[in-house]
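Undergrad: Sequence:
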Amino acid sequence: MGHRGLSAPLPPLLLLFLGLSVSTLGRIVKVPSGPLVRVEGTEVTIPCNVTQYDGPSEQNFDWEFSANPTQDSKFVHVVSTWDPSFMSQEYQDRVSRGDIMLRRNSNNAVELVIGSIRPTDQGIYRCTTPSTDSVVHGNYNAVVEVKVIADGLTVTGSKARSASAWNLSEGDSFQLRCSASTNSSEHTHLHVSWEFKNGFMWQEILSLTHEGKFQPGPDYNERYISGYVRLDAIASDIYRLSVSQALPSDEGTYRCRVSEWVKDADGSWQKIQEKSVDVAKVVVQPTALGVFITRTNVSVTERDSLYLTCNFTTDRSGIFQAEVTWYYSESPDGPMEDAQILLSADRDSVISDSTLISLSQIDRSSYHLLVRDMGIEDSGYYFCQAALWVPQYNGSWHKVAERTSVPVTVEVTPLEPNYHVFLNASKMPKYSEDPTELECRITEAQNAEANVRYTVSWYYRLPLRSDEVVKDELLATMDADWTLVVGERSKQRAQNGDIIFSKPAMDTFRLRIQWTSEADKGEYYCIISSWSRQRNNSWIKIKDVASMPVSILWSTQGPVFNASVHSDNPTVYRDELVNLLCIITIEGTTLDPDDMSFDVSWFAVRSYAMDRPPVFLASLDRKGIAAQARRNGSSDVSLARIASLEFQLRIHGCEDQDFGNHYCVVTPWVRSAAGIWQQETEIRSKPIFVAVKMDVLNAFKFPLLIGIGLATLIGLLSCLIGYCSSRWCCKKEVQETRRERRRLMSMEMD
1 MGHRGLSAPL PPLLLLFLGL SVSTLGRIVK VPSGPLVRVE GTEVTIPCNV
51 TQYDGPSEQN FDWEFSANPT QDSKFVHVVS TWDPSFMSQE YQDRVSRGDI
101 MLRRNSNNAV ELVIGSIRPT DQGIYRCTTP STDSVVHGNY NAVVEVKVIA
151 DGLTVTGSKA RSASAWNLSE GDSFQLRCSA STNSSEHTHL HVSWEFKNGF
201 MWQEILSLTH EGKFQPGPDY NERYISGYVR LDAIASDIYR LSVSQALPSD
251 EGTYRCRVSE WVKDADGSWQ KIQEKSVDVA KVVVQPTALG VFITRTNVSV
301 TERDSLYLTC NFTTDRSGIF QAEVTWYYSE SPDGPMEDAQ ILLSADRDSV
351 ISDSTLISLS QIDRSSYHLL VRDMGIEDSG YYFCQAALWV PQYNGSWHKV
401 AERTSVPVTV EVTPLEPNYH VFLNASKMPK YSEDPTELEC RITEAQNAEA
451 NVRYTVSWYY RLPLRSDEVV KDELLATMDA DWTLVVGERS KQRAQNGDII
501 FSKPAMDTFR LRIQWTSEAD KGEYYCIISS WSRQRNNSWI KIKDVASMPV
551 SILWSTQGPV FNASVHSDNP TVYRDELVNL LCIITIEGTT LDPDDMSFDV
601 SWFAVRSYAM DRPPVFLASL DRKGIAAQAR RNGSSDVSLA RIASLEFQLR
651 IHGCEDQDFG NHYCVVTPWV RSAAGIWQQE TEIRSKPIFV AVKMDVLNAF
701 KFPLLIGIGL ATLIGLLSCL IGYCSSRWCC KKEVQETRRE RRRLMSMEMD
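Using my numbering, read the sequence shown as starting at 1 and increasing by one per residue.
Quick caveat, the hints were computed from the structure, so don't treat them as lab data.
A virtual CB, placed ideally from N, CA and C, is assigned to each residue, including glycine.
Don't take each hint at face value.
Derived EDC-like pairs (lysine to aspartate or glutamate); straight-line CA-CA distance at most 16 Å [what the hints assert, rightly or not]: (1) Lys623 - Asp599; (2) Lys503 - Asp481; (3) Lys623 - Asp595; (4) Lys427 - Glu437; (5) Lys623 - Asp594; (6) Lys399 - Asp121; (7) Lys541 - Asp594; (8) Lys503 - Asp479; (9) Lys281 - Glu251; (10) Lys399 - Asp348; (11) Lys263 - Glu211; (12) Lys263 - Glu145; (13) Lys693 - Asp599; (14) Lys543 - Asp479; (15) Lys543 - Glu437; (16) Lys503 - Glu439; (17) Lys275 - Glu43; (18) Lys275 - Asp151; (19) Lys271 - Glu377; (20) Lys197 - Asp219; (21) Lys147 - Glu43; (22) Lys197 - Glu145; (23) Lys543 - Glu377; (24) Lys147 - Glu40; (25) Lys399 - Glu323; (26) Lys271 - Asp348; (27) Lys427 - Glu523; (28) Lys471 - Glu523; (29) Lys74 - Glu145; (30) Lys541 - Glu416; (31) Lys271 - Glu43; (32) Lys74 - Asp121; (33) Lys541 - Asp481; (34) Lys147 - Glu186; (35) Lys427 - Glu439; (36) Lys693 - Asp656; (37) Lys30 - Asp266.
Distance windows between CB atoms, simulated [claimed, not checked]: (38) Ser249 - Asp479: 58 to 68 Å; (39) Gln534 - Lys471: 25 to 35 Å; (40) Thr294 - Ala546: 35 to 45 Å.
Use the sequences and the hints to build the structure in full.
TA: So, in structure tokens, the structure goes:
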């Protein structure tokens, strides 16, 4: 650790070298310049450090105390960094409690910390560093005087409203007071700070430092410069915080924090104590502002005017100015930046200009909006926004509240002309290739203005049974500017002049087919649309009226289908094959096989007479997809199309339950000239009876053969058993008997 005495003698040459090296360097122990004035009961920290020393980098320190400031003072051991037994008995209790301790800041610096200094702690403190140098040079200790003065600092809040709640409205002003004084025997200065907390952290508002300077907090610098926040010293011990134009963010707890400072001998300022007091809890109610429109859902007829009134209510008193802006939006929930500004009146009541829109102020809280000559495009959502502004100290205006009303729905109903649409066939074809002419006419038109125009749309419909969904097909339509747009169905024929669309009169539209074909058969109808001209010269469709359909048909012969079932051998034995044919015949028009298709289903009635419900056997649709019923027996069925008009049903491995009357049901499909598949009437064949007989010989043949075989097998097995028994078992017994007889006979002979 080191030692307190001098080191052992060194050789002369080494002493000479060390003497030269330390002539410019030497150990220096430093403590603050005294006296240090401290307040009773506060924590005192006395630093000490050593420089220009030899030996290990980490140095040790001893602290001693003398109550007598004279030079012949007797010092008492207080605490040491390296010797636990260094302290005197009178300090052992305070050191063990931690009231007095050493705090090392670095290898060569420590602090003596006295947690709560007492008047008896006033005196001289000496910091000593045990020698680790090879040569004694410099100072090994330093002393500092500490003065302990009584606590003379008093801090109190406002006598009238100390720690009370202040309920304010946004924009109000308030003042808080704090009393701070000291009767210290030393020349001390006070540092007064106003602080605010809205949550967990205190933040500085404004301070009057111990050097007499005003110091605003980082969040209050701008308000201090503009004069919204002030700190005034009233009389000798009153410090008043003034806040003008309170904001909602000013709501919270306010306290006054006062610290006492003294100037040390070296000229630096030292804070010797600090006290604080909660002064008030401030509640700032935001400015209440309600904005509403007197009407909710409004319906306006086209060309009429729209009247809306925006009202606002507020609890704000004093001087304020209102700013009102009217908006239009196509959506009730759209963002504000997408809304269109109609008109606005600023806080100076200056209203922007508009030809068809005007804004007037009825009273201080009501603004009237007038929109003239409403059009269909003006339908949508209207709302107003109001903002309140208050004057500031520097002459500027501050917005304290802003609200937006609930949008009101405005529906502009068009001036619909009343009219009917009549469609007739001025030329009806009697045969294929004849012309067809349809006229679509507007009748009984009323309320038609000069700003209304009519256009036509032609549609075709095929009202026939089909497995495909057939929709109405657009032949041609007109835009608002009477530009004809031809549909896909008639585009090529219109280009070739086969279909002609014309407008012979203002109220008449015509469709002509020069050569009517089978594909043109069907229903035709027209729709007359009325359009209204808007203020920007655009056209908006306001009404559609459709005519009754007209059928374009002429008489032609269609094919007649018949079906019959045939079998070469309808009577079979069990397990044999039954072959049935469903043959389709056609009478009348000859059709291409590619234009015909059939759904064929097979049924059976399990009785000699047709007195039971039919049983589904199998089916084959026109797309070649086969389906058959679930079977309980071992027999099976198969389907096949063996010709364009012949369908085959085979029953494999017939059983008794396969008997009965069998017939087929056929659904023909015919493709028209327009390429549309049409479903014809379902036809049913006459039944054919299938009989299943039992073969007696075959029935008994297998059981007889099995019986004979088993009998023969049992006989052969019996013979084999007898032979084996006589061959081995009986033969052994006879041989033994013969031997015994021979022996007896030989003895008798003897």
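Undergrad: Now look at each hint and say whether the structure bears it out.
TA: Structure-based check of all given hints:
1. Pair hint Lys623 plus Asp599 holds up; C-alpha atoms about 8 Å apart against a cutoff of 16 Å.
2. As the CA atoms of Lys503 and Asp481 are separated by approximately 13 Å, the hinted pair is consistent with the 16 Å bound.
3. Under the criterion of a C-alpha separation no larger than 16 Å, the hint pairing Lys623 with Asp595 is consistent with the structure, at around 13 Å.
4. Restraint check: the Cα-Cα separation between Lys427 and Glu437 comes to about 5 Å, which is no more than 16 Å; the hinted pair holds.
5. About 13 Å separates the Cα atoms of Lys623 and Asp594, which keeps this hinted pair within 16 Å; it holds.
6. Restraint check for Lys399 and Asp121: the C-alpha separation of about 60 Å exceeds 16 Å, so the hint is violated.
7. A threshold of 16 Å between alpha carbons decides the hint, and for Lys541 with Asp594 the separation of about 47 Å lies outside it, so the pair is violated.
8. For a cut-off of 16 Å, the pair hint linking Lys503 to Asp479 stands: about 14 Å separates their Cα positions.
9. As the CA atoms of Lys281 and Glu251 are separated by approximately 8 Å, the hinted pair is consistent with the 16 Å bound.
10. Between Lys399 and Asp348, the direct Cα distance comes to roughly 14 Å. Compliance with the 16 Å bound is thereby established for this hinted pair.
11. Proximity of Lys263 to Glu211 is assessed by CA-CA distance (about 11 Å); at most 16 Å being required, the pair is judged to hold.
12. A threshold of 16 Å between alpha carbons decides the hint, and for Lys263 with Glu145 the separation of about 15 Å falls inside it, so the pair holds.
13. Restraint check for Lys693 and Asp599: the C-alpha separation of about 32 Å exceeds 16 Å, so the hint is violated.
14. Taking the CA atoms of Lys543 and Asp479, the gap is near 14 Å; set against the 16 Å cutoff, the hint holds.
15. Distance restraint check for Lys543 and Glu437: the Cα-Cα separation of roughly 26 Å exceeds the 16 Å cut-off, and the hinted pair is therefore not satisfied.
16. At roughly 10 Å between alpha-carbon atoms, Lys503 and Glu439 fall within 16 Å of each other, so this suggested pair holds.
17. For the hint pairing Lys275 with Glu43, the CA-to-CA distance comes to about 14 Å; that is within 16 Å, so the pair holds.
18. Of the pairs offered as hints, the one joining Lys275 and Asp151 holds, with about 11 Å between alpha carbons and a cut-off of 16 Å not exceeded.
19. Taking the CA atoms of Lys271 and Glu377, the gap is near 74 Å; set against the 16 Å cutoff, the hint is violated.
20. Restraint check: the Cα-Cα separation between Lys197 and Asp219 comes to about 12 Å, which is no more than 16 Å; the hinted pair holds.
21. About 13 Å separates the Cα atoms of Lys147 and Glu43, which keeps this hinted pair within 16 Å; it holds.
22. For the hint pairing Lys197 with Glu145, the CA-to-CA distance comes to about 40 Å; that exceeds 16 Å, so the pair is violated.
23. Taking the CA atoms of Lys543 and Glu377, the gap is about 15 Å. The hint holds against a cut of 16 Å.
24. Taking the CA atoms of Lys147 and Glu40, the gap is about 9 Å. The hint holds against a cut of 16 Å.
25. With a C-alpha separation of about 10 Å, the suggested pairing of Lys399 with Glu323 holds against the 16 Å cut-off.
26. The suggested pairing of Lys271 with Asp348 is violated, with an alpha-carbon distance near 54 Å, which exceeds 16 Å.
27. Distance hint between Lys427 and Glu523 is fulfilled; the C-alpha atoms sit about 15 Å from each other, no more than 16 Å.
28. Simply put, Lys471 and Glu523 have alpha-carbon atoms about 12 Å apart, close enough for the 16 Å limit, and the pair holds.
29. A threshold of 16 Å between alpha carbons decides the hint, and for Lys74 with Glu145 the separation of about 14 Å falls inside it, so the pair holds.
30. A threshold of 16 Å between alpha carbons decides the hint, and for Lys541 with Glu416 the separation of about 10 Å falls inside it, so the pair holds.
31. In summary, the hint linking Lys271 to Glu43 is supported, as the alpha carbons are separated by about 11 Å, within the 16 Å threshold.
32. For the hint linking Lys74 to Asp121, the alpha-carbon distance of about 14 Å falls within 16 Å, and the restraint holds.
33. Among the hinted pairs, Lys541 with Asp481 is consistent with the structure: their alpha-carbon atoms are about 12 Å apart, no more than 16 Å.
34. A distance of roughly 10 Å separates the Cα atoms of Lys147 and Glu186; the hinted pair therefore holds under the 16 Å criterion.
35. Between Lys427 and Glu439 the alpha-carbon distance is near 9 Å, which keeps this suggested pair within the 16 Å criterion.
36. A C-alpha spacing of about 8 Å is found between Lys693 and Asp656, which places the hinted pair at or below 16 Å, so the restraint holds.
37. A distance of roughly 13 Å separates the Cα atoms of Lys30 and Asp266; the hinted pair therefore holds under the 16 Å criterion.
38. In this structure the supplied range 58 to 68 Å holds for Ser249 paired with Asp479, their Cβ-Cβ distance being about 59 Å.
39. The hinted window of 25 to 35 Å between Gln534 and Lys471 holds, with their beta carbons roughly 32 Å apart.
40. Between Thr294 and Ala546, the C-beta spacing of about 41 Å keeps the proposed range 35 to 45 Å intact.
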